[in-house]
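Each protein sequence line maps, in turn, to chains A and B. All residue numbers for the first sequence refer to my numbering, where the first residue is 1 and numbers rise by one. All residue numbers for the second sequence refer to my numbering, where the first residue is 1 and numbers rise by one.
It is worth saying that the hints were derived from the structure and are not from the lab. Just to be clear, a hint being listed does not mean it is correct.
As the list makes no split between identical chains, a pair holds if one copy fits it or if it spans any two.
[Stated by the list, open to error] Straight-line Cα separation of at most 20 Å, SDA-like style, residue types lysine to any residue; simulated pairs:
(1) K57 with R307
(2) K57 with L389
(3) K93 with I71
(4) K93 with G366
(5) K59 with N360
(6) K57 with I71
(7) K275 with S217
Number of protein chains: 2
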Amino acid sequence: MAPALPVSPLARPLPELGSIRGVRLGAAAAGIRYQNRTDLVLAEFIAGTTVAGVFTKSKCPGAPVDWCRDILPDGEARVLVVNAGNANVFTGKAGRETCTVTADAAAQLAGCSPRNVYLASTGVIGEILPHERITAALPALHASLSETGWEAAARGIMTTDTFPKAAIRTATLNGATVTLQGIAKGSGMIAPDMATMLGFITTDAAIPAPVLQRLLSEEIKTTFNCITVDSDTSTSDMALLFATGTAENAAIDENTTTDAPILGAFKAALHSVLKELALLVIRDGEGVTKLITIQVSGAVSDDSAWRVAMAIGNSPLVKTAIAGEDANWGRVVMAVGKCGEPADRDTLSVSIGGVCIAHNGTVVAGYDETPVVNHMKGQEIEIEVSLGLGNGSARIWSCDLTHGYIDINGSYRS
Amino acid sequence: MAPALPVSPLARPLPELGSIRGVRLGAAAAGIRYQNRTDLVLAEFIAGTTVAGVFTKSKCPGAPVDWCRDILPDGEARVLVVNAGNANVFTGKAGRETCTVTADAAAQLAGCSPRNVYLASTGVIGEILPHERITAALPALHASLSETGWEAAARGIMTTDTFPKAAIRTATLNGATVTLQGIAKGSGMIAPDMATMLGFITTDAAIPAPVLQRLLSEEIKTTFNCITVDSDTSTSDMALLFATGTAENAAIDENTTTDAPILGAFKAALHSVLKELALLVIRDGEGVTKLITIQVSGAVSDDSAWRVAMAIGNSPLVKTAIAGEDANWGRVVMAVGKCGEPADRDTLSVSIGGVCIAHNGTVVAGYDETPVVNHMKGQEIEIEVSLGLGNGSARIWSCDLTHGYIDINGSYRS
Chain A
1 MAPALPVSPL ARPLPELGSI RGVRLGAAAA GIRYQNRTDL VLAEFIAGTT
51 VAGVFTKSKC PGAPVDWCRD ILPDGEARVL VVNAGNANVF TGKAGRETCT
101 VTADAAAQLA GCSPRNVYLA STGVIGEILP HERITAALPA LHASLSETGW
151 EAAARGIMTT DTFPKAAIRT ATLNGATVTL QGIAKGSGMI APDMATMLGF
201 ITTDAAIPAP VLQRLLSEEI KTTFNCITVD SDTSTSDMAL LFATGTAENA
251 AIDENTTTDA PILGAFKAAL HSVLKELALL VIRDGEGVTK LITIQVSGAV
301 SDDSAWRVAM AIGNSPLVKT AIAGEDANWG RVVMAVGKCG EPADRDTLSV
351 SIGGVCIAHN GTVVAGYDET PVVNHMKGQE IEIEVSLGLG NGSARIWSCD
401 LTHGYIDING SYRS
Chain B
1 MAPALPVSPL ARPLPELGSI RGVRLGAAAA GIRYQNRTDL VLAEFIAGTT
51 VAGVFTKSKC PGAPVDWCRD ILPDGEARVL VVNAGNANVF TGKAGRETCT
101 VTADAAAQLA GCSPRNVYLA STGVIGEILP HERITAALPA LHASLSETGW
151 EAAARGIMTT DTFPKAAIRT ATLNGATVTL QGIAKGSGMI APDMATMLGF
201 ITTDAAIPAP VLQRLLSEEI KTTFNCITVD SDTSTSDMAL LFATGTAENA
251 AIDENTTTDA PILGAFKAAL HSVLKELALL VIRDGEGVTK LITIQVSGAV
301 SDDSAWRVAM AIGNSPLVKT AIAGEDANWG RVVMAVGKCG EPADRDTLSV
351 SIGGVCIAHN GTVVAGYDET PVVNHMKGQE IEIEVSLGLG NGSARIWSCD
401 LTHGYIDING SYRS
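Whenever a hint applies, use it, and build me the whole structure from the sequences.
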C-alpha cells in the first residue's frame with residue numbers, strides 16, 4: 001500500500017456522537033487488504049427496523065449492490081456488514097457467492113433471515129473478495145457490538161478517506177423527539193448518480209419503509225447527488241437509511257407523502273444530515289485544498305441548471321485554475337458553453353466570491369480583480385452563474401484538482 | 001507568462017513541407033500577449049479558392065467563430081488571419097468590432113471582400129483583443145508572404161503547444177495529382193465537439209465548396225472529433241479546409257456525394273491528414289507522457305461506442321492510473337458503467353495491450369499481469385473494450401493525466 005495520506009486541510013472533527021436506541025455496532029480488522037487497521041464494520045438493528053436505500057446507477061454495479069437491491073422491497077433490516085479495501089465488483093459468480101455466504105453467517109449470529117442482512121463493499125475493483133476472512137472475523141465482532149461503536153464504524157469503512165465522517169441531528173416527529181445519526185465514506189471516484197460513496201444513516205424514528213424510501217429518494221437529489229470530486233461514478237455507491245422505531249412516535253401512515261406537514265421537521269433534519277455528510281466527502285476529496293460551491297440560476301429548468309453546474313464542477317480547467325488560485329472566469333464560460341444545455345452567451349453572467357465579473361456576454365466595465373484574487377486565496381470558493389433564460393436553479397459542491405489527486409491515483413493499487 | 005514548457009516526450013518532428021500553389025503565408029510578432037515570439041499568422045489564397053469549415057458547438061463561441069460561420073455559405077476564401085494569445089471570446093461588442101476591423105484591413109491588402117477573410121483567435125478568454133496591434137502588423141506581414149511560410153505559420157499559432165504541428169499527403173483526383181498540407185494547434189481545452197483546436201488544411205485540388213464541406217464534415221467525425229485531452233471543449237474550435245484549384249484537375253460536379261469513387265483517394269488522404277493532425281494534438285496534450293488508444297466494439301451503435309470510449313478517455317481515474325503505469329482495469333469497468341450507455345456487466349470484456357484481462361463479467365482465470373505491466377511502461381497504451389451487445393464500434397485517442405497538467409493549468413494566466 002501507499003503510505004498513509006496526510007489529513008485533508010479541509011477536514012472537520014467528528015461531532016460528538018450519541019447513540020440510536022436499537023442500533024449496536026463495531027469494527028474489526030479482518031485483514032482483507034489493509035494492515036494494522038479496521039476494515040470490517042458490523043451493525044445490528046432491533047427487530048422491526050425499516051430501511052430505505054438508493055444505489056449507484058452504474059451499469060457495472062458491485063455484487064453487494066445487486067444483493068441490497070434484491071432485498072430492499074422487503075423493507076426490513078436487522079444487520080449491516082461493510083468491508084473496506086475490496087469492492088467485490090466485476091467478480092462474477094465468486095462475488096455473488098461472497099454475498100450469500102456473508103449474509104448467511106451474519107443472519108445466523110443475529111437470528112434473522114439472510115434477506116434482512118444488508119451488505120456493502122468499497123475498495124479495489126476486480127479482485128475476488130475472500131469471504132472466509134469476513135466470516136472468520138464476524139463472531140468476535142458480533143460479540144463486541146455496542147451502542148457506542150459509532151466512531152469505530154466511521155473509521156472502519158474508510159479507504160482513501162483521510163478523516164472519519166459523521167453527522168447528527170434531532171427533530172420532532174408526531175409527538176416524539178427523534179434523532180438521526182449517520183456515517184459516510186468517500187474521497188475519490190466521487191460523482192453523482194446517487195451517492196458515489198457509502199452512507200449509512202440511522203434514526204430511532206418509527207417510519208414505514210415506503211415513507212422512508214420516498215424521503216431518502218427525494219433528499220438525496222439535492223445532497224449526495226450534488227457533489228463531485230472527479231466526475232467518476234463508483235460501482236459501489238450506496239446510501240441506506242435505517243429507522244429503528246425506538247423513539248416510539250405515534251404511527252405514520254405508509255401512504256404519507258413527503259410534503260405532509262407531519263414529516264416536515266424530520267425531512268429537514270434528514271436533508272441536513274445528508275448534506276453535511278456529502279460536504280464532508282468533498283472536504284476529503286482526493287488532493288483537495290479548496291471547497292467550491294457552484295450556484296446556477298436562470299436556467300430553463302432545475303435539471304438543466306444542475307447539468308450546467310456539474311459541467312463547471314467537473315471541468316479539469318476550472319478545477320486546476322482554482323487550485324492555482326487563479327480567477328480564470330473564462331474557463332467557467334467555457335464549461336457553460338460546452339455542456340450542451342440551453343445557454344446564450346449574450347445573457348450570461350458570472351460572479352466569483354460575490355463579485356460580478358462578466359455580464360450579458362462581456363466583462364463588466366471597470367472590473368477590478370483585487371477582491372476576487374483575495375477570495376481565491378481562501379479555502380471556500382463561490383461561483384455563481386446566471387443564464388438569464390428561465391427560473392431553473394441548482395447548487396452543487398466540488399473541489400479543486402491538485403498534484404495530490406495525481407499522487408493518490410497514480411499509485412492506488414501499488 | 002509562465003516559463004516555456006519542456007517539449008512533450010511524445011513530440012514528432014515537423015514533416016518535410018512543400019508548398020501549395022496559390023497559397024502564400026507567413027507570421028509576425030504583433031505583441032498581442034507573448035514576448036519574443038510570433039503570434040500573428042496571415043495566409044493569402046489565389047482567387048477562386050473554395051472553403052469548408054467546422055466549428056465548436058460551444059454555446060459561448062468566440063467572435064471569430066461567429067464571423068466565420070456567417071461568411072462560410074459564400075464558399076470562397078482569399079485570406080486567413082490567425083492570432084495566438086487572446087481568444088477574443090466573451091468580449092461582446094468590442095470583440096465583434098475587432099473582427100470587422102481586422103477583416104477590413106486584411107481585405108484591403110488582398111484586394112478582396114471582407115467576406116472572403118477568415119479569422120481565428122486562440123488564447124485567454126474574456127480579455128479584449130487589441131485590434132490595433134493586429135492591423136499595425138498586417139501590412140509588413142502581407143509584404144513578406146511566401147509559398148514557403150508553412151513552418152513559420154505552424155509556429156505562429158501555438159499557445160501552450162510545445163511543438164509545431166503539420167501534415168502532408170498526396171492523392172490523385174480526376175486525372176491530376178493533388179496535395180493536401182495542413183497545420184494545427186492544440187494542447188489543452190481539448191475535447192471533441194468538432195475539433196477543439198485550430199486546424200487549417202489547404203489543397204491545390206479544384207473542388208466545389210459544397211463537396212469540400214461534405215468531405216470535411218464527414219472526415220472530422222472519426223479524426224478531430226475522436227480525441228480528448230481533458231474533456232473541456234474550447235470556445236474557439238475551428239477546422240478550415242481551403243482548395244485553391246491550382247492542380248487543375250478536371251471539374252468535380254457540386255452535387256458529388258462523399259461516397260463517389262471519383263473522390264475516394266482524395267477522401268482517404270484528407271482523412272489521413274486530419275487524423276495525423278489530431279494525433280499530434282494528443283501527442284502535445286498538456287503534461288502528456290502516454291498516448292492512449294481506446295477501441296470499443298460490440299456496442300448497440302457507433303455513436304454509443306463513441307460515448308463509451310470517450311467516458312473511458314475522459315475519466316480522471318483511468319488517466320491517472322495510466323500516468324502511474326498501473327494496469328488498473330477496474331477503472332475502465334467503472335467508466336463503462338457510469339456513462340449511461342447500454343452495457344451489461346456480464347457480457348463485458350476488457351483487454352489492455354492485447355491481453356484479455358476480464359471477460360463476461362469477471363477476471364479471466366489465471367490472468368497473468370506481467371505482460372500488461374510491461375505494456376503500461378511504454379509510451380502508447382492500448383485499451384480494448386467489447387460490450388457484447390451489438391455491432392457498434394469506435395476508436396478514440398486520449399492521453400494520461402499528470403502533474404504536468406496541473407502545473408500548466410494552475411498558472412496559465414499568471
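Check K57 against I71 for me: Cα-Cα at most 20 Å, and say if that holds within a copy, between copies, both or neither.
This pair counts as within: shortest intra-copy Cα distance 17 Å, inter-copy 45 Å.
I want to check one pair: K275 and S217. Are their C-alpha atoms no more than 20 Å apart within a copy, between two copies, both, or neither?
Within one copy only: 13 Å inside, 46 Å across.
Checking K57 and L389: alpha-carbon separation at most 20 Å within a copy, between copies, both or neither?
Result: close only across copies, 19 Å inter versus 30 Å intra.
Between the shortest in-copy and the shortest cross-copy C-alpha distance, which are at most 20 Å for K93 and I71: within, between, both, or neither?
The answer is within: 18 Å in one copy meets 20 Å, while 61 Å across copies does not.
Intra- versus inter-subunit Cα pairing at 20 Å for K59 with N360
between (41 Å within a copy, 14 Å between copies)
Treating 20 Å as the Cα threshold, decide for K57 and R307: within, between, both or neither.
Both ways: K57 and R307 sit 16 Å apart in one copy and 17 Å across, limit 20 Å.
Classify it for me, K93 with G366: is the Cα-Cα distance of at most 20 Å met within a copy, between copies, both or neither?
Intra 65 Å, inter 16 Å, cutoff 20 Å: inter-copy only.
Hint violations for this structure: none, all hints satisfied.
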